[in-house]
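S.K.: Chain by chain, the residues:
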Amino acid sequence: MIQLIINGQLQHFDTTLSVAQLLESMALKNKRIAIERNGQIVPRSEFGEQTLTDGDQLEIVVAVGGG
Amino acid sequence: MDNLIIHDKAYSSRLLVGTGKYKDFAQTREAIDASSAQIITIAVRRTNIGQSTDEPNLLDLLPPTQFTLLPNTAGCFTADDAIRTLHLARELLDGHSLVKLEVLGDPNTLYPNIVETIKAAKVLVKNGFHIMVYTSDDPIVAKQLEDIGCVAIMPLASLIGSGMGILNPWNLQIIISNATVPVIVDAGVGTASDATIAMELGCDGVLMNTAIAASKNPILMASAMRKAVEAGRDAFLAGRMEKRTSYNADPSSPINNTIASSKNKVT
Chain X
1 MIQLIINGQL QHFDTTLSVA QLLESMALKN KRIAIERNGQ IVPRSEFGEQ
51 TLTDGDQLEI VVAVGGG
Chain D
1 MDNLIIHDKA YSSRLLVGTG KYKDFAQTRE AIDASSAQII TIAVRRTNIG
51 QSTDEPNLLD LLPPTQFTLL PNTAGCFTAD DAIRTLHLAR ELLDGHSLVK
101 LEVLGDPNTL YPNIVETIKA AKVLVKNGFH IMVYTSDDPI VAKQLEDIGC
151 VAIMPLASLI GSGMGILNPW NLQIIISNAT VPVIVDAGVG TASDATIAME
201 LGCDGVLMNT AIAASKNPIL MASAMRKAVE AGRDAFLAGR MEKRTSYNAD
251 PSSPINNTIA SSKNKVT
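Chains X and D, in that order, give the protein sequences. If you read the first sequence in our numbering, its first letter stands for residue 1, the second for the next number, and so on. If you read the second sequence in our numbering, its first letter stands for residue 1, the second for the next number, and so on.
Heads up, none of these hints are tricks.
DMTMM-like mimics (lysine to aspartate or glutamate), calculated; alpha carbons at most 20 Å apart, straight line:
#	chain 1	residue 1	chain 2	residue 2
1	X	31	D	91
2	X	29	D	94
3	D	227	D	30
Partial list, computed: chain D residues near chain X (C-beta under 10 Å):
#	residue
4	22
5	47
6	69
7	90
8	93
9	161
The hints are simulated quantities; they were obtained by calculation from the structure and are not laboratory data. All figures in this text were calculated on a predicted structure; none of them were measured in a lab. The C-beta atom is built at its ideal place from N, Cα and C for all residues, glycine as well.
Model the full assembly from the supplied sequences, consistent with the hints where possible.
M.R.: If you want it as structure tokens, here you go:
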């Protein structure tokens with residue numbers, strides 16, 4: 001089991017998974033989002049190949065209204 | 001054409017608008033259309049985990065092919081948070097590098113933290129961003145931000161969301177006369193005349209959100225702001241008449257050959 005901190009919330013997963021698999025599990029696949037992993041941007045082209053490890057801190061963001 | 005040029009791109013509209021505080025996306029879009037703005041600010045926020053992901057997305061409402069989207073760092077109080085936010089924004093917008101940097105000093109005034117703003121600007125310029133920077137109306141700071149490489153200087157007219165108009169037109173004038181990049185008043189505009197005054201001072205543009213979104217009729221106000229910015233720009237280009245130094249009149253109509261004068265003298 002691994003623990004990930006996603007947008008400040010602790011989440012548990014049964015197995016290791018890629019960024020793409022995580023997004024699928026969160027119903028965020030193909031959504032207009034951007035991801036930062038431990039302070040580094042994860043380019044969209046690397047969603048499939050980057051495997052998340054225990055303790056990773058992720059930020060998943062979207063565009064919202066603002067001034 | 002009298003275009004606003006920001007980082008090599010020409011815009012016919014000198015009104016820049018935000019997308020916050022609207023009732024819904026439909027109203028947002030209608031107001032933007034009424035404003036004729038081409039540069040639109042957006043914010044970047046954490047996605048809500050576990051909530052419906054079928055909600056409409058702002059980027060579908062405002063296609064980046066149709067508008068120049070300007071991601072901001074609103075809500076960031078440190079250089080580091082602002083830098084991270086803009087890297088996320090660049091990824092979100094497929095490499096788009098034009099951004100609005102704002103690093104705030106405290107939650108009550110939302111006054112810019114200049115030390116952190118300068119720190120962030122230096123890093124972001126090195127990282128290839130083109131920065132439109134929110135700042136105070138301090139002319140020395142404005143010049144420093146330009147020297148760092150910011151592509152537009154955006155001093156406040158008054159505090160964000162206050163609607164109090166231009167508190168220090170004299171400082172804005174110094175900033176404008178010193179600058180070689182566009183100066184855009186950002187924050188504090190309350191109504192159409194505020195926008196016109198900013199443009200008459202020689203600002204290259206005006207950025208606003210609350211003045212439109214929090215008015216009683218945002219669509220009508222967006223249209224008013226479009227006209228106000230255009231009117232102010234035209235007045236600036238036309239060059240105003242000299243103000244008389246003492247308070248007396250100067251007639252607009254010829255002073256002789258009135259019928260009264262012809263009655264008095266027969267020749």
